[in-house]
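Take the given structure of chain A and dock chain B to it, following the hints.
First to last, the protein sequences are chains A and B.
If you use our numbering, the first sequence closes out at 124, no skipped numbers anywhere.
If you use our numbering, the second sequence closes out at 162, no skipped numbers anywhere.
These are computed hints drawn from the structure, not numbers from a lab.
Just so you know, not all the hints are guaranteed correct.
Reference listing, derived: stretches of chain A covered by chain B, where coverage requires no fewer than 3 residues with Cβ under 8 Å from a Cβ of chain B [as the list claims (entries may be wrong)]:
#1 81-94
#2 104-110
Okay, the calculated beta carbon distance ranges per label pair [to be verified]:
#3 B:Ser162 / A:Arg118: 53 to 59 Å
#4 A:Arg47 / B:Arg150: 32 to 38 Å
#5 A:Arg37 / B:Asp122: 29 to 35 Å
#6 B:Val120 / A:Arg119: 21 to 27 Å
#7 A:Arg119 / B:Trp28: 43 to 49 Å
#8 A:Arg98 / B:Gly88: 18 to 24 Å
#9 A:Asp65 / B:Leu100: 28 to 34 Å
#10 B:Asp58 / A:Asp59: 40 to 46 Å
Beta carbons are placed, not taken as given, at the ideal position from N, Cα and C, and that holds for glycine.
Chain residues, written in single-letter form:
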Amino acid sequence: MVTSIPQQDACSSRVRLVLLYTFPAMRLTEHERQAIREVVRDLTGGRGRALLFGSRLDDASVGGDIDLYVECVETVEHPARLAASIGASLEMRLGEQRIDVLIGAPNLRRLPVHETARRQGVGL
Amino acid sequence: MTTGSEALTERLRFLVRVVDKEAAHLSWTDAALFGAGNLTLRTVAALGADEVLAERVDAFVARFGRLQDTLGDKLLPALLTALDGHSGPLIDNLNRVARLGLLEDATSWLRWRRLRNQMVHDYVEDPAVLADALNDAHAAVPALVGVARRWADELRRRGWAS
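Same shape as in the complex, but just chain A (with noise of 0.2 Å):
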């Protein structure tokens, strides 16, 4: 955290604010994030937006599974297709492990763990 940075510091603390508001925490290799970017951005058309939730937003945790949440603004006509897609080519190029996928877009119900996902994720 930023909080406790001392003052003569205040020059490094801005590095890390950056640092922080660049590189939030979560626990997925630069291999990884790159793979999900990629992929979504494929898949999408370019139309979604990826985000990391759940556990691997935690720092202190280990392992655990990968959440994550595709924003779409635009209708999705196929989503448990889409979902699928993207979790097959990821595990395609990550290898086997446990990737969720949460599919969001306008005429889709936006249930609670939309909203969890939505006020937890981090873009990638």
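Below, chain B alone, put in the same frame as chain A:
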């Protein structure tokens, strides 16, 4: 075929018999559930009030999953062991069998597996997601049954199944 071939051949024969039956059962339920075409959003939204249809959906989901699991988790490792003497993790096995020309696309296999989580009507709360998952799995049935047939044919061709 390598060492321990008698037990492996017996297992392959058994698994081919199982896969043949599972493919036939899936095809039957698929035809019964989707005889009138894709499921509509309205039909899926009303599943909670239609026990007969809900039971048929459960049968479809179970049979789809069972065939895929028998193929991917049991027959595929046995097939690769018979061919090359070893098998590995699922994704490696899928890529190997695709290189042998016995599977179109490993990613599609993983996609079908992921669809299964989205077609359990008791806990998928958005009918749009449930309907799409069921209809997409229905579209995948010919390919899944085709894989079962292709692997069984390959084993019969080599004399490892009857």
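Each hint, compared with the structure:
1. 81-94: With 9 residues in contact (Cβ-Cβ under 8 Å with chain B), the coverage given for the stretch 81-94 of chain A holds.
2. 104-110: holds (count 3)
3. B:Ser162 / A:Arg118: 53 to 59 Å: holds (57 Å)
4. A:Arg47 / B:Arg150: 32 to 38 Å: Cβ of arginine 47 (chain A) to Cβ of arginine 150 (chain B): about 36 Å, so the range 32 to 38 Å holds.
5. A:Arg37 / B:Asp122: 29 to 35 Å: Holds: the Cβ-Cβ distance is about 34 Å, inside 29 to 35 Å.
6. B:Val120 / A:Arg119: 21 to 27 Å: At 26 Å between Cβs, range holds.
7. A:Arg119 / B:Trp28: 43 to 49 Å: Between arginine 119 (chain A) and tryptophan 28 (chain B), where Cβ atoms are some 46 Å apart, the hint holds.
8. A:Arg98 / B:Gly88: 18 to 24 Å: holds (19 Å)
9. A:Asp65 / B:Leu100: 28 to 34 Å: holds (32 Å)
10. B:Asp58 / A:Asp59: 40 to 46 Å: At 41 Å between Cβs, range holds.
Of the numbered hints stated above, none is contradicted by the structure.
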